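There are 2 protein chains.
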Amino acid sequence: MAFELINAFKNKDFIVDLNLCRVLMENKVFPWILLIPRVSNITQINQLKEVDSIQLIKEMNYATDIMENIFPTDRINVAAIGNKSPQLHIHIISRTKNDPLWPETIWGQEMEILDNKEKEYIF
Amino acid sequence: MAFELINAFKNKDFIVDLNLCRVLMENKVFPWILLIPRVSNITQINQLKEVDSIQLIKEMNYATDIMENIFPTDRINVAAIGNKSPQLHIHIISRTKNDPLWPETIWGQEMEILDNKEKEYIF
Numbered sequence: 120m121a122f123e124l125i126n127a128f129k130n131k132d133f134i135v136d137l138n139l140c141r142v143l144m145e146n147k148v149f150p151w152i153l154l155i156p157r158v159s160n161i162t163q164i165n166q167l168k169e170v171d172s173i174q175l176i177k178e179m180n181y182a183t184d185i186m187e188n189i190f191p192t193d194r195i196n197v198a199a200i201g202n203k204s205p206q207l208h209i210h211i212i213s214r215t216k217n218d219p220l221w222p223e224t225i226w227g228q229e230m231e232i233l234d235n236k237e238k239e240y241i242f
Numbered sequence: 120m121a122f123e124l125i126n127a128f129k130n131k132d133f134i135v136d137l138n139l140c141r142v143l144m145e146n147k148v149f150p151w152i153l154l155i156p157r158v159s160n161i162t163q164i165n166q167l168k169e170v171d172s173i174q175l176i177k178e179m180n181y182a183t184d185i186m187e188n189i190f191p192t193d194r195i196n197v198a199a200i201g202n203k204s205p206q207l208h209i210h211i212i213s214r215t216k217n218d219p220l221w222p223e224t225i226w227g228q229e230m231e232i233l234d235n236k237e238k239e240y241i242f
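Chains as they are written, first to last, in the working numbering: chain V, 120 to 242; chain E, 120 to 242.
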């Protein structure tokens, strides 16, 4: 079956297709992107073929490097969670010690901060 | 400089040393381990040499496989965050749809659930 985004990801802005992953923009308040391996029916990293796992970590590092270069960054948070959206996706989020959620994670926090439509990029 | 755990990790139970990572037990309420590459002065995955990045994802997958085999698991959460503890460490957490925090992340939740000393492993 061909790769297809689940509905949760279909409305997110497309950034680029890397060799393995589609890169989408998750959020415009925090610098926050998603890497989605273009492989069908995969929910966790350990379900990828080894060659794809290796490509994935290279693309995670490539995306991390770019985020550090583009945005002020004290820490890049990298995570594959997916409790709510099962298709495998890796969050790459640029965090700074001055951002409004630091040092807590993005997840589990007041979503109005993340859903602020009035501004793009808080720093 | 030789590899050394930062203070935040020194009191955690040792499980095993893999080729790259030291594996520690983070929490006994949730099945939750940490993989810490035994490399000095590393805070993010993209600071590892490429060969070590590749070894890391193999060990992440190995640990994920074992967690799925040992514990009832609907989803393994895998994350490198480190906003509070800068030494690079990868969380590997076994989650089920019946656990008390599902589908939220472990981070940002009521810590008394995680700190329950009366019981080990909630499921």
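If you're looking for bench data, these hints aren't it; they were derived computationally from the structure.
Bear in mind the structure is a predicted one, so any value in this text is a computation, not a measurement.
Ideal placement from N, C-alpha and C gives every residue a C-beta, glycine not left out.
Treat each hint with caution, since some may be false.
Said to hold, decoys possible - Derived contacts from chain V toward chain E, CB cut-off under 10 Å, selection only:
#1 169
#2 183
#3 190
#4 191
#5 193
#6 200
#7 223
Take the shortest C-beta to C-beta distance between residue 169(V) and chain E; is it under 10 Å? Nearest chain E Cβ about 7 Å off; hint holds.
Less than 10 Å between beta-carbons is the criterion; does residue 191(V) satisfy it with respect to chain E? violated (15 Å)
Should the interface hint for residue 190(V) be scored as holding, given a Cβ-Cβ cut-off of 10 Å against chain E? Since chain E brings no Cβ nearer than about 14 Å to residue 190(V), farther than 10 Å, the hint is violated.
Residue 223(V) was flagged as interface toward chain E. Is the shortest Cβ-Cβ separation under 10 Å? holds (6 Å)
With 10 Å as the cut and Cβ atoms as the points, is residue 193(V) at the interface with chain E? holds (8 Å)
Quick check on residue 183(V) please, does its C-beta sit within 10 Å of some C-beta on chain E? At about 4 Å, which falls below the 10 Å cut-off, the nearest Cβ of chain E leaves the hint on residue 183(V) intact, so it holds.
Hint check, residue 200(V) versus chain E [nearest Cβ-Cβ separation less than 10 Å]: holds (5 Å)
Hint violations for this structure: numbers 3 and 4, all remaining hints satisfied.
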